[in-house]
Amino acid sequence: MSQFLQATIYGLLQGGLLALIAVGFSLVWGVMNVVNLAHGSFVILGAYVGWKLNSAMGLDPFLGMLVAAVVLFAVGYVLQRWLINLVINGPIFITLLLTFGLDLLIVQGMNIVFSADYRSINTSYAGDSLALGSVRVPVGRLLAFVIALVVTFALVALVNRTRTGLSIMATGMDRGAARLMGIRARHAYALTFAIAAALAGMAGTMVGTVGTFNPAAAGGYTLLSFVIAVLGGLGNMYGALVGGLLIGLVEAWGGQYLPGTWVNALAFAVLVLVLVFRPSGLVGRAYYAARQEV
Amino acid sequence: MRSKSKSLSLVAVVAATTLVAAGCGSKGEKTAGSGGGSGTLTIGASMSLTGALAREGALTKEGYELCQDKVNAKGGADVGGKKVKLDIKFQDDTSKPDTAAQLVDQFNDQGVKLILSSYGSANTEAQASVIERNGQVMADSAGADNKIFEKGYKRTFAVLSPATEYAASIIKSIKELAQPQPKTIAILSADDGFSKTVAEGGAAAAKEAGYTVLPTQLFPNGTSDVSSALTKIKGDKPDVIIGSVHLVEGVAIIKQAKELGVVPSGGFGETVAPPTPDFAKTLGKDAENVLGSSQWTDSTKGSDKYFGTAKDYAKDITAKYGHAPDYHDAEASAACLALVLAAEKAGSTDADKVRDALAGLDTESFFGHIKFNDKGQNVYKPMSVIQVQNGKAVTVWPTDSAEAKMIWPGTKQ
Amino acid sequence: MSSEARTEDAEAIERAATGRSAREPAWRRWLPFGLLLLGVLVMLGLQSQLYSGQERTVSAIFMFVALAQGWNIIGGFTGYASFGQVVFFGIGGYFTAVAMSHWGFNFWVSLVVSGLVSAAFGALIGLPLLRLKGHYFAIATLGVAEGMREVVTNVPQLTGGGAGISVPTVGKDATTHYLGNDGFYLLYLLVAALSVLVSILVARNKFGFALRAIHQDEDAAAAMGVNTTRAKVSAFALSGLVTGLVGSTYAFQQVTIFPERLFDVDITVLMVVMVVIGGSGTVLGPLLGAVALQFLSEYLRRNFTEVHTFILGAIIIAAVVLLPQGAVNYVREARQSGEWSLLANVRRYRL
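Chains as they are written, first to last, in this note's numbering: chain F, 97 to 390; chain E, 17 to 429; chain Y, 16 to 366.
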C-alpha cells in the first residue's frame, strides 16, 4: 500500500511540473493554432538561465526562475512578433516547419554555447524529503508542484479577468472580429507566445533543480507537452493541469505495476485512446472546439 | 498539365539530376593507396559531435586530437623507417548508427582504410560490419558491448575492457575489500543493449561471489526518473545497489534514492557515471563514497613512448582542454595509439598489414595493457574501481594501483 | 485561389465523371511517365560514376524521395498530416528483420510482406484515427508511432528490444546474399521510382481527385458522393505500403536496427519538411524537396562539421518564411500571376 501511495505522490508532484510546461504550449495552440515544436527548447533555455545565475552569482533557482521567465518572455515576444507572425496565415504545416527550424537553431545554439555536458542546479534543500508515515515527499519537487499550481491559477485569472487576457482569448476565438473591436492582433499573439515561453522557462529552471538537463533533452519535453495539451483540450489551462497530473500518475503507477520499461508505451496508449473517444480532451469542452480546424 | 508546367518539370528533373551528379564528384578523384599517400598517416574518425551523444563524442574527439598532437610532436610515427605525420579526419555522425556506417563507407571511397570508431556500442556495431565488408581496419575506443565481438569480425579491435566487466569489477572489488561483507545486491539497469550486458555480467559475478542477487530492475534508457525501480526494491532492503547506467540515470538513482528514503547499508556502485567530474559536481555531498568503475584512472599502471604515464596524460589533457580527463578521453587516445603502434610494427600503412599487427599487439601503455584476444577484445586489462571521496574520484581497486582505501560501508547510517 | 485552380476544378469534375479528360492530348498524358523513365535511366547511368560511399549517399537521397512521396499521399493530397508516418517505416523494417532472423524468410519475400503488413496496419489504425482532423490527427498518429516504438522495445524475445536485432547476412543463417552498396543503390532507386509512379497514378485518376476533394472540403466531397472513409483509409494504407517498403529495405541495408532509429520522430519531421518545402500535393514537390534537403544536409555536415545543424535550421526558417507554399506551387502561382517577388510572397501570409 505504501508503494502505491509513494508512487501516487511522486506522480502527482511530477505531473504538476509537467503541467506547467504544457500549459503554455496548449495556450499557444489553442489561441493561435500554432504548434510550437521549439517549446521544449524554451524549457531547456530557461534551465540554462537558472543554472548560469546559480553558478555565476549563487542565485537560488526558485528566484532565478523569475529571471528565466522574464528572459524567455522577451525571447518569445520577439520571435512571435517578428518571425512567426510572418507565416501565420499560411497552411498549418508552415508554422510547424518554422518552429522545427527554430528548434534546431536553439538546441544547436545551446550545444555550441553551453556544450552538451549535463548540468544540474544544486540547492541544499531540494534533495531532502518530508516524511509522511512511510511515504517520502521530496522538498524540491513539492516546491515545484506548488509553484506550478499557483502559476496556472494565476494564468487563468489573468486570462479571464484582465483586459489583456480577454483580448488574447477574443483574438483566439475570432481574429477578424477582435481586430474590428480595436484589439491589436499582432500584439495579442506576441503576448500569448511570450507568456507561453515565460512559463516554459520558469518550469525549465525547476526541472534543472530536480534533475539533470542538457540540450538534447528538449525534444522529450516538446513531446510531453503535445500529449498533455491534447489530453486536456487545446487552449484549456485547467485541462493542461489535469492532463499533466494524469500523465504523471500514469507514468508513476505504470512504473510500479508494470515492468519498468512499459511506462512510455502506456502514456501513449492513453493519449491515443483519449483522442479516439474524446477528441476535444478530458476536461469539459475546449474553448475552441467550435473553431474550424484544418 | 500546361506546356509551361511540362517544361518546368523537365527543367526540374534535369536540374535535380545535375545537382546530384555534381555533388558526388567524378570517379577520377580517387587517391591511390591507403593511408593518404606518402608523408602522412591518414586516419578517419566518425564522431558524434551533435545529437544525443554529443558530450561523449566531444570527449572522444579530445582523446583523438591529443594523440595526434603527441605523435606529431615527436615528428610523427616511425613507419617503415620514415617519419609520417598523423592526420586524423573528423566527420560528424550526429549520434546515429546509420550515419556512422555511411561515413565509414565514405572514408573508404577516399582511400582511408584506417578508422577510429565513433562513440558507443550502437554506432560501433554499425561501423564494424561495414569495416569488415570493405577490408578496412578499426580501432574501437568506446564500443564495449560483447555482442559486437560475437559476430566473427576480424578487423575491429577494442582497446577497452568488455561490457561484462563494468559492473563485475565493482562486485570483485567489494568481494575483496569490503568488511563486513554485504549479503544482498540489487541491480538497476537501463534497457539499452550495452547496459543490459553490463548488468548480466554484474549479476553473474555477484552470484559467483556468493551474494544474494535480486532480479534486475529495468528502466528506460536516458530517463531521469528511476523512482519506480527504486520503490520496487525498497522493501527488499538490499545492502548494495548497483546501477548499470549512464550519467543521467546514474545521477537520478542517487538523487531519488535519497528522496525516497532508500538507503542501502553498503552504498551504491554505478558504471560510467561516478568517474566523471559532472557526477560529483551535480550531486555534491550525496556523491560521497559512491563506487564506480572506469576503463582508466590517472593512477593506472603502465607507460608508453608517446603519452608517458597515466599521470602525464592527465596533465596533458588538463593543460589542453581545461578539465580533468574522463576515461572517455583516455580510451580514445588509446585506440589511436594502438593504430599508430600497429602501423609502426607493420612498417606500413597497408590495411591488411596493420590488421595483422594489431592482432599481434602486446604492449604496455598509459592506458594499461593493450592486447587483443582472438575476437578482438582487450581482456588483458582490468578495469579500475574508483570511489568518490571528498568530491574526487580516487582509485581503490585493483589494490596495486589504489590511491586510497575503500571506505566501507559507503553510507553512514 | 487562382484561376488555374478553378480550371483544374472543372477538369477535376470532368475527369471524375468520365475518368479521362477530353482536352488533354495523348502525348501529354504520357509525359510524366516518360520523365520518370528518363530520370531512372539517368540515375542508372550515374551509378557507374560513383564510388561506393557516394552510392550510399545517393541511396539515402532515393530513400527520402520515396518517404516524402509516401507521406505526400496522405499529407499532401488528402490533407491529413500524419506525424507518425515513421511507424510504417519501423513496422516494415522490424517485420523484415524478424522474418529474416527468426522465421528464415528470404529478403524479397520479406520486402513484399512487410509492405503489405504496413498497409494493413495503416488501414487498421486509419479507421478510428481518420475521424480526427487537423492537429488532432497529427498528434494521434504521433502517439501511435511513439507507442509502437515502446511496444517494440518491450518485446525483446521477438525484436531484441533496446539492444536491437540483426538480420543474418553471413553464415548458414543468411537467407539472402547481402546486396552491398551497388545492390542497395538499385533497390532504393527502384523503391523511389515506384513511389513516384504511385504518386503520378494517384494524382491523375479518380482516386486522387477524390482525395483532393476531401482536402479542399470534406463535407462537400461527401455530399457529392465520394466515400470519404474508404478514400481516406485507402490513402493511408497506400502511404503505409510505400513507407513500409522503404523501411524493409533500410533494415536489410543496416543489418542491425534499433527501435530509437526505426521509429525516430525526426524521420517523420524530415519527410514533412521535404514535402512542404518542395510543394505539398504535387508529384514533383516531394521529389525536389527530398533531393534538395538531403543533399543540403549532407553537404553541410561534411563541410561545416561543427555547426551544420545550426545552419540547416536557419535555412529551413528562411525557406519557410520566403516560400511557405513550397517551391513548386510558388513557381506555378508566380507564372500565373506574374508576381515573382519573394517579399510579396511573405506579405501574403503574414498577419
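Read the hints as simulated data drawn from the structure, not as lab findings. It is possible that some hints are incorrect.
Here are the simulated lysine-lysine pairs, DSS-like style, with alpha carbons at most 25 Å apart [unchecked claim]:
id : chain 1 : residue 1 : chain 2 : residue 2
1  : E       : K101      : E       : K297
2  : E       : K98       : E       : K331
3  : E       : K167      : E       : K387
4  : E       : K317      : F       : K148
5  : E       : K297      : F       : K148
6  : E       : K199      : E       : K223
7  : E       : K301      : E       : K317
8  : E       : K301      : F       : K148
Tested hints:
Straight-line distance between C-alpha atoms of K101/E and K297/E comes to about 39 Å, which puts the hinted pair past the 25 Å bound. With a C-alpha separation of about 30 Å, the suggested pairing of K98/E with K331/E is violated against the 25 Å cut-off. In summary, the hint linking K167/E to K387/E is supported, as the alpha carbons are separated by about 19 Å, within the 25 Å threshold. About 39 Å separates the Cα atoms of K317/E and K148/F, which puts this hinted pair outside 25 Å; it is violated.
The suggested pairing of K297/E with K148/F holds, with an alpha-carbon distance near 14 Å, which does not exceed 25 Å. Using a Cα cut-off of 25 Å, the hinted pair K199/E and K223/E holds, with the two alpha carbons roughly 11 Å apart. Annotation: proposed proximity of K301/E to K317/E is violated, straight-line Cα distance about 30 Å (limit 25 Å). At most 25 Å may separate the alpha-carbon atoms for a hinted pair to count; K301/E and K148/F meet this at roughly 21 Å.
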